[in-house]
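What follows is each chain in one-letter form.
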Amino acid sequence: GAVVSQHPSWVICKSGTSVKIECRSLDFQATTMFWYRQFPKQSLMLMATSNEGSKATYEQGVEKDKFLINHASLTLSTLTVTSAHPEDSSFYICSALHIPSGYNEQFFGPGTRLTVL
Amino acid sequence: RKEVEQDPGPFNVPEGATVAFNCTYSNSASQSFFWYRQDCRKEPKLLMSVYSSGNEDGRFTAQLNRASQYISLLIRDSKLSDSATYLCVVSGRRNQGGKLIFGQGTELSVKP
Numbered sequence: 009g010a011v012v013s014q015h016p017s018w019v020i021c022k023s024g025t026s027v028k029i030e031c032r033s034l035d036f037q038a039t040t041m042f043w044y045r046q047f048p049k050q051s052l053m054l055m056a057t058s059n060e061g062s063k064a065t066y067e068q069g070v071e072k073d074k075f076l077i078n079h080a081s082l083t084l085s086t087l088t089v090t091s092a093h094p095e096d097s098s099f100y101i102c103s104a105l106h107i108p109s110g111y112n113e114q115f116f117g118p119g120t121r122l123t124v125l
Numbered sequence: 373r374k375e376v377e378q379d380p381g382p383f384n385v386p387e388g389a390t391v392a393f394n395c396t397y398s399n400s401a402s403q404s405f406f407w408y409r410q411d412c413r414k415e416p417k418l419l420m421s422v423y424s425s426g427n428e429d430g431r432f433t434a435q436l437n438r439a440s441q442y443i444s445l446l447i448r449d450s451k452l453s454d455s456a457t458y459l460c461v462v463s464g465r466r467n468q469g470g471k472l473i474f475g476q477g478t479e480l481s482v483k484p
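Protein chains in written order, with my numbering: chain W, 9 to 125; chain X, 373 to 484.
It should be emphasised that the hints constitute simulated quantities derived from the structure, not laboratory data. Glycine included, every Cβ here is placed at the ideal spot set by N, Cα and C. Hints are supplied without guarantee of correctness; some may be wrong.
Some chain W residues judged to face chain X by a derived CB distance under 7 angstroms, without partners named [stated by the list, open to error]:
hint, residue
1, L52
2, Q114
3, F116
Heads up, simulated SDA-like pairs for lysine to any residue below, C-alpha to C-alpha not over 20 angstroms straight-line [unchecked claim]:
hint, chain 1, residue 1, chain 2, residue 2
4, X, K417, W, H15
5, W, K63, W, Q50
6, X, K471, W, T83
7, X, K414, W, D96
8, X, K417, W, S62
9, X, K417, W, P48
10, X, K414, W, T123
11, X, K414, W, Q50
Construct the entire structure; sequences and hints are all you get.
Laid out in structure tokens, this is it:
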């Protein structure tokens with residue numbers, strides 16, 4: 009149980025295009041999902057908290073108009089990187105909060121590697 | 373000061389060795405504690421949740437000292453497959469909605 013999928017697993021795009029990444033909890037409902045970004049040799053940095061049916065909460069320094077988050081159902085959150093630039097190239101990982109485990113554990117998707125040319 | 377700090381790595385050990393990772397956290401109101409492992413170019417995977425009484429899972433033992441705000445992970449009889457980066461992770465207060473704070477990770481390399 010507690011499986012999270014992410015799609016696509018990798019994407020290469022031209023500068024200026026928008027890229028949508030999907031995060032799904034496959035066998036549980038997740039009212040809360042999180043989006044992280046990880047640059048090489050660095051730890052995960054939380055970008056935003058995605059809550060089903062309400063606006064996402066963004067961490068300081070993360071532009072909400074650039075990184076659009078939609079959490080329209082209890083099993084799906086999407087992150088859209090708008091007008092992507094080379095500096096947005098990174099490993100984007102989502103996680104879903106698994107409350108039934110009793111310890112508020114988060115389970116991570118396999119990540120999406122974005123390369124902007 | 374970082375909210376979660378770990379031993380700087382990397383740790384290079386031979387197979388069969390015992391290795392210990394240490395981690396400290398700054399927020400005394402932190403509620404939940406975890407060790408994750410992350411393989412190169414992969415997502416973090418939950419290794420163990422850390423309970424106040426300490427807990428053991430096979431070759432892995434985790435300890436929590438709330439008074440010292442200190443968490444440890446002990447790996448006994450290390451295997452080649454244990455090579456990974458180990459992340460100490462702390463969750464804030466319940467009203468912070470389960471937000472996780474990650475340490476920078478400690479890289480472990482187990483050699484034959």
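Original post:
Which of the numbered hints above does this structure break?
Top reply: 5, 8
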